[in-house]
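Below are the chains, spelled out letter by letter.
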Amino acid sequence: MEDRDPEKLPEPALTASEYVHSTPAIPASERLSPMARRILAYLRAHPHARDSLEGIAEWWLLEQKIRETTEDVSKALSELTSKGLIVEQERLNIKVFGLAPL
Amino acid sequence: MDENRVLIADFNSSAPWAIEIETLLDRHLGSGVSLRRDAYPHVPPLAGAASLRKALEEFSPRLTLLVLPSKDRDSLASLATLFHACNLGLLPTLAIMDTDQTGILSDMLALGVGDFITPPFKAAEVIARISRVLQPDQEAMLIRNLKGKMGIRQMIGRSPVFLEEMEKIPLVARCDASVLILGETGTGKELCARAIHYLGPRSEKPFVAVNCGAIPLDLVENELFGHEKEAYTGASGCKRGLIQEADGGTLFLDEVDSLPLAAQVKLLRFLQEKEFRPLGSTRTHKAEVRVLAATNLEGQALIGSGRLRNDLYYRLNVVSLSMPPLRRRKEDIPLLLEFFLGKHASRLGRKVDGFMPKAVQKLLLHSWPGNIRELEHVVERAIILSRERVISDREIILPGDDPLQPSSSFQEAKDRIIEEFEKTYLTSLLLSCRGNISQAAVNAGKHRRAFFQLLQKHGIDAKGFRSDPSGILSGKQSSQAH
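Protein chains in written order, with the numbering used here: chain S, 1 to 102; chain P, 103 to 584.
Wrong hints could be hidden among the right ones.
[Unchecked claim] Over 10 Å on every C-beta distance to chain S, these chain P residues come out as not near it, computed from the model: (1) SER136; (2) GLU269; (3) LEU319; (4) SER407; (5) ILE435; (6) ARG489.
[As the list claims (entries may be wrong)] A short list of chain S residues far from chain P (calculated; beta carbon distances all over 10 Å): (7) PRO34; (8) MET35; (9) VAL96.
[Stated by the list, open to error] Below, computed lysine-lysine pairings styled on DSSO-like, alpha-carbon distance capped at 27 Å: (10) P/LYS224 to P/LYS368; (11) P/LYS270 to S/LYS65; (12) S/LYS65 to P/LYS388; (13) P/LYS516 to P/LYS559; (14) P/LYS460 to S/LYS65; (15) P/LYS460 to P/LYS388; (16) P/LYS376 to P/LYS341; (17) P/LYS251 to S/LYS75; (18) P/LYS559 to P/LYS548; (19) P/LYS388 to P/LYS368; (20) P/LYS331 to P/LYS368; (21) P/LYS251 to S/LYS65; (22) P/LYS460 to P/LYS445; (23) P/LYS388 to P/LYS331; (24) P/LYS249 to S/LYS75; (25) S/LYS95 to P/LYS445; (26) S/LYS95 to P/LYS251; (27) P/LYS388 to P/LYS224; (28) P/LYS559 to P/LYS525.
Don't read these hints as lab results, they were simulated from the structure. Note that CB positions come from ideal geometry on N, CA and C, so glycine has one too.
From just these sequences and the hints, can you work out the full model?
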C-alpha cells in the first residue's frame, strides 16, 4: 500500500460524518471530493474490504451513508436531550427518546 | 453485569457433538460463559419439549445450541414442533447438525435458527459465531439491520416469485454456508451474491467475483490458486490466486460449471480442507473463504450434463437460491423501467421522463431471453433514440419480431403465433432430417403431401437443408459449410 501524505488526511479520531464533511486547511484543488472521502472513510473503517465499482456504489456508500446519518442523529439527540427538549429512557437495554413534558 | 449463559440442548446423544462443543467453549471462553448441557429424547418430537421449556425458564440462556440428528426431513418437522412449543424463535439459537441436504437449511433459517455449525468443529469458527451472538456491538447491529433493509430494497421487484427469493437472502447471508445461485443469464445472480456477502459476517472483508466461463481453460487453475516463482516458463514472480485475494471474505464463482474438471477437483479439496496449493508450490496454503457459486443450469440438468462433478455440486449447494427469469415476473417491468430510466437518462444527459403506454405494452409482451440485462440495454438504447421526453414504442427496439402486436385482434395474434410455431417446427425438423421430406413427414406424423404443402405455405425449401447440414434457420443469413 502506498504511503499517504499525512497533510491530506484528517485525524483518525474524526467520526465518519465529520471526516466526510470536514475541510482541512489544504488547497481546494488537492482536497478530496465528498464522495472520495466517503469511500476512503469506508476503507479506514474496513481496511480489508475489496470490491468492484458495482459493489462500492451499491454497498460501501450505503453503509457509509447509514453510518453518517446514525452519527448525526445521535449527536442531534444528545443536543436535544442536553437542552431538555426531549427525554431519554432506557428499557431492556435500549434507549428510547420522546418529547419532554411541558 | 449479566452472565453469558449458553444452554446446550442435546437431542442427539448418540453423537459426541454436545460434549465436544461444551469442552471447546469451556476451554476457550472459560469463566466468561456459564454452560449447561442437557440431554433430551428425540422421538417422539414433543417428548423433550416440556423439559427444554423448563430449562429455558430456569437457566435463561442468552444463546441456545440445539444439537440435532439430521439427514432427513423428519428432523425439520421435529425442529419446527420444538420451536413453536418452546418459543425458540424469540431467542438466539444455533443448530448443530451434520447434513448435506439442500432445502433443510433454508427452512431452518426461515424457522428462526440464527446459524448452524457442522462437525468437525473448528475452535476459531465456533467461537467467532457464538461470540457474535453473546457480545453484540449495539451500534454495529443497528447499522447491520439498516443495511439489510435498505440493501435489499436495491434489488428491485415486488412480484411474489421474486420476493420469495429475496426474503431468503438475509437468512442465508448470516449463516456463512456455501450457496449455489441458480438463474438464467441476466437475472441478477451477482447482485444476489453481493447482497449475501454484505449482509453476512464477512461484509468487512473482500468480495471477489470471477466469471469462470471467461477464463481461458489453461489459465483457470493459475487464476484461482496462483503460482510460485518459476512455476512455469515466463512466471518471473509469485502471483496470488483469487482464493488468496478473497481470504477472510467471499469468493463468487459465476458459471461455476465452466470450470475444467481438474480445477473442480482442486476446488472441492479446498472447500473440504480449507487448503490449496499454488502452481509450482510444494507446500499447502490455508485460506478462510466463503464460496458462493452460480450457474445457468437447474439442479438435475446440471448433474445430468456432467459439467459439474456431483460431489462438488453437493458441497456448493448447501443452500440454494433461484433467481426467477424476467418473463415470470413481468409485473416488475414497470418498476425496473423506472429505475433504469433514472439511472441512464441522467448519465446520458437526456431529459426523458417516462414511457408511452404502447411502449410499455410492447415491453411487457416480449419474452426477455436476456432477462434484466437485456431490458436495461433496451431502455438505454431507447433513451438515446428518443427525441421527446416520453419514449414511444418506435424507440423500443427488440430482437426479432414479436408475434404479439399490441394492436392485434385475438384472431390476428393467434394466427401470428401459429405461423411462428409452424416455421420453427418445420425448420427444426428439416435440420434434423437433413432435408429429407419423407423422413420429416414421418417424424411429424403427417402425410408427405400435407407436409410438403406446409413447406410451400411458408416458403421453406427443403433442398437448402440437404446442402448445408449445419442449418439455415432464418433464411436471412448464409451459414458457413465446414
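Taking each numbered hint in turn, which are not upheld by the structure, reported in ascending numerical order? 12, 14, 15, 25
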